[in-house]
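**Q** Protein chains in written order, with numbering that gives the first Met the number 0: chain A, 0 to 339; chain B, 0 to 604.
Hints listed in this document are in silico derivations from the structure and should not be mistaken for laboratory results.
It is possible that part of the hints are untrue.
[To be verified] With a straight-line cut-off of 20 Å between C-alpha atoms, the simulated SDA-like cross-links for lysine to any residue are:
1. Lys165(A) / Trp500(B)
2. Lys165(A) / Pro120(A)
3. Lys346(B) / Asp498(B)
4. Lys77(A) / Asp239(B)
5. Lys165(A) / Asp239(B)
6. Lys75(A) / Tyr286(B)
7. Lys317(A) / Trp500(B)
8. Lys317(A) / Gly152(B)
9. Lys422(B) / Thr267(A)
10. Lys346(B) / Asp501(B)
11. Lys534(B) / Trp500(B)
12. Lys346(B) / Pro120(A)
13. Lys237(A) / Thr267(A)
14. Lys90(A) / Lys422(B)
15. Lys158(A) / Gln230(A)
[To be verified] Which bits of chain B does chain A cover? Going by a derived footprint, with three or more residues having C-beta under 8 Å, they are:
16. 178-188
17. 326-332
[Said to hold, decoys possible] Each pair of labels, with its calculated beta carbon distance range:
18. Ala116(A) / Phe139(B): 26 to 32 Å
19. Gly131(B) / Asp124(A): 28 to 34 Å
20. Asn147(B) / Ala257(A): 34 to 40 Å
21. Glu601(B) / Gln89(A): 51 to 57 Å
Model, not experiment: these values are computed from the prediction.
Every residue gets a Cβ at the ideal spot worked out from N, C-alpha and C, and that includes glycine.
As a plain string of letters, each chain reads:
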Amino acid sequence: MTVHRQRLLWALAPVSMFLLALALAGCAPTPQTTLLPKSDYAARIQGLFELILVIAAIVFVVVEGFLIYTAIRFRKRKGQDLPAQSHGSQKLEIAWTFAPVVVLAIITVPTISTIFATQQPAPADALEVKVMAHQWWWEFSYPSLGIVTGNEMHIPVGKTTSLVMKSNDVIHSFWVPQLAGKRDVFPNRETRITFIPDEPGTYLGQCAEFCGLSHANMRFRVVVHTPEDFQAWVKAQKTPSIAPTTELAKKGQQLFFATPPGCTACHTIDGTQAKGLVGPNLTRIGARGTTAAGTLENTPDNMARWLTDPEAVKPGSKMPNLHLSESDISALVAFLESMK
Amino acid sequence: MTTLAAPMRRPVAYTGVWSWITTVDHKRIGILYGASALFFLLVGGIEALLIRTQLAVPGNTLVSSDTYSQLFTMHGTTMIFLFVMPLSAAFFNFMVPLMIGARDVAFPRLNALSYWVFLFGGLFMNSSFFMGGAPDAGWFGYANLTSNQFSPGARIDFWVLGLQVLGLSSLMAALNFIVTILNLRAPGMSMMRMPLFVWMTLITSFLLVFALPVLTVGLTLLLFDRFFGTHFYIPAGGGDPLLWQHLFWIFGHPEVYILILPAMGMVSEVLPTFSRKPLFGYPFVVYSGILIAFLGFGVWAHHMFAVGMGPVADAVFATTTMLIAVPTGVKIFNWIGTMWGGALDFKSPLCFAVGFIGMFIIGGISGVMHASVPLDLQQTDTYFVVAHLHYVLFGGAVFGLFAGIYYWFPKITGRMLNDAWGKVHFWIMFVGANLAFFPMHLLGLDGMPRRIYSYDPSMGWNLWNLVSTVGAFTIALSVLIFVINAITALRRGARAPNDPWDAQTLEWSISSPPPVYNFATIPVVHSRRPFWDEKYPDAAHGKAAHAEPEHHGAIHMPNPSYFPIVIALGILVAVSGLMIHPAVSILGAIIMLIGVYGWSFEPAA
Ligand code: HEM
Ligand SMILES: [Cu+2]
Numbered sequence: 000m001t002v003h004r005q006r007l008l009w010a011l012a013p014v015s016m017f018l019l020a021l022a023l024a025g026c027a028p029t030p031q032t033t034l035l036p037k038s039d040y041a042a043r044i045q046g047l048f049e050l051i052l053v054i055a056a057i058v059f060v061v062v063e064g065f066l067i068y069t070a071i072r073f074r075k076r077k078g079q080d081l082p083a084q085s086h087g088s089q090k091l092e093i094a095w096t097f098a099p100v101v102v103l104a105i106i107t108v109p110t111i112s113t114i115f116a117t118q119q120p121a122p123a124d125a126l127e128v129k130v131m132a133h134q135w136w137w138e139f140s141y142p143s144l145g146i147v148t149g150n151e152m153h154i155p156v157g158k159t160t161s162l163v164m165k166s167n168d169v170i171h172s173f174w175v176p177q178l179a180g181k182r183d184v185f186p187n188r189e190t191r192i193t194f195i196p197d198e199p200g201t202y203l204g205q206c207a208e209f210c211g212l213s214h215a216n217m218r219f220r221v222v223v224h225t226p227e228d229f230q231a232w233v234k235a236q237k238t239p240s241i242a243p244t245t246e247l248a249k250k251g252q253q254l255f256f257a258t259p260p261g262c263t264a265c266h267t268i269d270g271t272q273a274k275g276l277v278g279p280n281l282t283r284i285g286a287r288g289t290t291a292a293g294t295l296e297n298t299p300d301n302m303a304r305w306l307t308d309p310e311a312v313k314p315g316s317k318m319p320n321l322h323l324s325e326s327d328i329s330a331l332v333a334f335l336e337s338m339k
Numbered sequence: 000m001t002t003l004a005a006p007m008r009r010p011v012a013y014t015g016v017w018s019w020i021t022t023v024d025h026k027r028i029g030i031l032y033g034a035s036a037l038f039f040l041l042v043g044g045i046e047a048l049l050i051r052t053q054l055a056v057p058g059n060t061l062v063s064s065d066t067y068s069q070l071f072t073m074h075g076t077t078m079i080f081l082f083v084m085p086l087s088a089a090f091f092n093f094m095v096p097l098m099i100g101a102r103d104v105a106f107p108r109l110n111a112l113s114y115w116v117f118l119f120g121g122l123f124m125n126s127s128f129f130m131g132g133a134p135d136a137g138w139f140g141y142a143n144l145t146s147n148q149f150s151p152g153a154r155i156d157f158w159v160l161g162l163q164v165l166g167l168s169s170l171m172a173a174l175n176f177i178v179t180i181l182n183l184r185a186p187g188m189s190m191m192r193m194p195l196f197v198w199m200t201l202i203t204s205f206l207l208v209f210a211l212p213v214l215t216v217g218l219t220l221l222l223f224d225r226f227f228g229t230h231f232y233i234p235a236g237g238g239d240p241l242l243w244q245h246l247f248w249i250f251g252h253p254e255v256y257i258l259i260l261p262a263m264g265m266v267s268e269v270l271p272t273f274s275r276k277p278l279f280g281y282p283f284v285v286y287s288g289i290l291i292a293f294l295g296f297g298v299w300a301h302h303m304f305a306v307g308m309g310p311v312a313d314a315v316f317a318t319t320t321m322l323i324a325v326p327t328g329v330k331i332f333n334w335i336g337t338m339w340g341g342a343l344d345f346k347s348p349l350c351f352a353v354g355f356i357g358m359f360i361i362g363g364i365s366g367v368m369h370a371s372v373p374l375d376l377q378q379t380d381t382y383f384v385v386a387h388l389h390y391v392l393f394g395g396a397v398f399g400l401f402a403g404i405y406y407w408f409p410k411i412t413g414r415m416l417n418d419a420w421g422k423v424h425f426w427i428m429f430v431g432a433n434l435a436f437f438p439m440h441l442l443g444l445d446g447m448p449r450r451i452y453s454y455d456p457s458m459g460w461n462l463w464n465l466v467s468t469v470g471a472f473t474i475a476l477s478v479l480i481f482v483i484n485a486i487t488a489l490r491r492g493a494r495a496p497n498d499p500w501d502a503q504t505l506e507w508s509i510s511s512p513p514p515v516y517n518f519a520t521i522p523v524v525h526s527r528r529p530f531w532d533e534k535y536p537d538a539a540h541g542k543a544a545h546a547e548p549e550h551h552g553a554i555h556m557p558n559p560s561y562f563p564i565v566i567a568l569g570i571l572v573a574v575s576g577l578m579i580h581p582a583v584s585i586l587g588a589i590i591m592l593i594g595v596y597g598w599s600f601e602p603a604a
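Required output: the full structure, derived from the provided sequences and hints.
**A** This is how it looks when you write it as structure tokens:
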């Protein structure tokens, strides 16, 4: 009997591990996975998840096993008499009321301690990043550093990052699974997330609350740097080079500041007269990994696609189609890509 | 006077379309509810197939983002309000009076009115597809995306007004069933002798009466925001979109029990019959149902953990949510206890009932997983939650409803469904449902958010999405098999005897289909299994039903009436007027008043 029981327990760890493996593998890498935590916050969730997954697997096997066994064992046999007409049993009822209570208590206690552990206020030396959600892109600003960027957040490893978030329009939800659980972003109240990233790398994020036509395209990236790299990024960001070298890029620069097309009505480039606030800040856009809210790799071709027809890339986009000529587009692309 | 006299002439037809329009017979109304619900199942099912086809491969362009939003919004809204709820109502209507030994519901004309209001509300909401687009903000339509600023046009208006109308219908039906169950039980049928399905109907009806008004308030505020320029949910005007979430989920959480309790009731009828035993732990199953209903009002904020309510609120709602799993577990164990030691006859209804338990266990377990707030912060608004809600709503409610359909089809139609094809239906649907919904857990853990119309091939979600789509079409195939089976049975199925399953409750003691008046003499009830005890007096220690039938004179049945459909039409016109012109609303109000007037002066029998 005890040997039996031990075997059963051993059999269950694989059930849950099998599920984990399925989710992890799925035959291809899943860059937005919830299962490979890279911060203190995400790691706490993962630890709790593993505990609960094993308990869930045990409950699953025991209860489904009980059901299947009963269904097979008590199938009607030929010529069978009326079975005993039992109406119930007090003892059993008490037993199977208390069994779930115990299991749930085992889950609830670490749940509550994790809730409190992950919602601590940020320490004073944390790096504060203000997150502003827009239909359908993200703006990140660093009040202590005087930097504003779009769709790509840069933070240093090993230091507390404190996000203070607000929305410009409807409710969105900020989610980078490898770094933190999601938190909704509201137009009329601030919400917060704090975490300490523990490994340099690029992590994918995506809006998780349905927010209209391009909800699916409201993606972004978080780049976690070593402290030195982060300093270098800050420095480069604060001293943007706007000195296009090629003829094409120079033509693009003129176009950018001209009306039409009027790019500056909506966009800012730090240190220039472009101060529009409707669209993302384009300072050093050439250095970003993606464009159009993390939906396209930042290549000249993709940038040209975007300028040709934003609506085709992102349904509902608030950037109008400016009906630019092909030559104007290639000039603008050259200019944008030159700003690194 | 002549103009009024004409419509005042009583309808007399008992056959033909006209007789269905004017019927107040609970059985016919039940059939109307059932047929309409199955129609909406096909509508919602086609929407689901379109959604799954779009997601089968990454970067698909089958439907646009705009169409996709309409599809998932209407799929959810349709399946909940136009399929599961009315199909449950179909069984409340047809079966409850039969099971409690009554000749009809307490308010037959009100019953007809609820049906017509439901039908018009459902058609009204779906007509939006042909008028510039269907609602597109999700089935829980979060403010302030639903404001005029972010959702201009009529789409959300259709949703708000349609839900108000549907809510009205459900409220009338719920009150009717509460009064029916409390007042019309046959002599001797005490509360603790009522069949479980009747209990679950009663509990569901109370849930509706307490939960729906909260939705009504929420929708009314939204309606004012959209039509009259108020700012209840509009931050720029000092309103708060979060208010909507609280109101919606205070309704929305009881609503999920409104969806599942009727199915639980059906399973609690099917299991004893096909195990040839009484329900194990009857009082515990009843009390756990009541407890679930009470607790259901104290857990709404578990749908809102990502909002950031603070650690104390999170901890409280996590604990109440864990608590609700206890009575749920008690039910599951009692169902298995009912099967234990029985003589299980695996006909189609039992297959679906056991399938229900198996699937519901999975949904219950994932429910407990996201009751743990930190886990939920990863899982909410991802496919993991989509998996959970389909295990409880499809694996749970739909399997339970099919158990009920296969069980009661002979009683309702007088024809037997083919049992072998029923089992084929079951196995294909069971495989399909697990193929469609299990991989969604993995997609959620792999970071796939819900409500995205497209995804990038580099996200690693390709395989499981394709598998899930294959599962969806497998389910569609099984539904097709059911439809063919049902049509064939209606045309030339074997005649159903009164009691094909050797069942235990009163509805099986009368003919299939039952006569208009149900019971020639009202039975007298001495136990929880009145009909069984009549058949097996030994097992019942000699107590049998019908021992001392009360004497009744000539049977009076309520007469058919035009007025329910007239009033429902008035409501439809009045509501449409809000979107067209105030004069139309006034016209609707006049039609409604004519209906009310006629109804009031119509002789009752
Ligand atoms: C053991 C019982 C159950 C527990 C502990 C449970 C728990 C939960 C929790 C915590 C959520 C919120 C998930 C999220 O949005 O992040 C949820 C969502 C949901 N549950 Fe359950 N649940 C249970 C049973 C049911 C039943 C019986 C139904 C309906 C038949 C149901 C239907 C739903 C639906 C429809 C949603 C999602 C709503 C949405 O976001 O669209 N659940 N459940
Ligand atoms: Cu969003």
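**Q** If I claimed the Cβ atoms of Ala116(A) and Phe139(B) lie 26 to 32 Å apart, would that claim hold in this structure?
**A** holds (30 Å)
**Q** Is 28 to 34 Å respected by the C-beta to C-beta distance linking Gly131(B) and Asp124(A)?
**A** violated (54 Å)
**Q** Given the proposed pairing of Lys165(A) with Trp500(B), does the C-alpha separation stay at or below 20 Å?
**A** violated (61 Å)
**Q** Does the alpha-carbon distance linking Lys165(A) and Pro120(A) stay inside the 20 Å limit?
**A** Given pair Lys165(A), Pro120(A) holds - Cα atoms ~17 Å apart, limit 20 Å.
**Q** Range hint 51 to 57 Å: satisfied by the CB atoms of Glu601(B) and Gln89(A)?
**A** holds (53 Å)
**Q** Run the distance test for Lys346(B) versus Asp498(B): straight-line Cα separation, threshold 20 Å.
**A** Since the Cα atoms of Lys346(B) and Asp498(B) sit roughly 14 Å apart, the hinted pair holds (cutoff 20 Å).
**Q** Is the distance from the Cβ of Asn147(B) to the Cβ of Ala257(A) consistent with 34 to 40 Å?
**A** holds (36 Å)
**Q** Tell me if the straight-line CA distance from Lys422(B) to Thr267(A) falls inside 20 Å.
**A** Judged against 20 Å, a Cα distance of about 65 Å means the pair is violated.
**Q** Straight-line Cα separation of Lys77(A) and Asp239(B) no greater than 20 Å?
**A** Violated: Lys77(A) and Asp239(B) sit about 66 Å apart, past 20 Å.
**Q** Next pair to validate is Lys346(B) with Asp501(B); report whether the Cα-Cα distance is within 20 Å.
**A** Distance ~12 Å between Lys346(B) and Asp501(B) Cα, so the pair holds.
**Q** Given the hinted pair Lys158(A) and Gln230(A), is their alpha-carbon gap at most 20 Å?
**A** holds (13 Å)
**Q** Is Lys165(A) within 20 Å of Asp239(B), Cα to Cα?
**A** Measuring from Cα to Cα gives roughly 14 Å; hence the hint holds.
In the structure shown, a violation is registered for the earlier hints numbered 1, 4, 6, 7, 9, 12, 14, 16 and 19, in ascending order.
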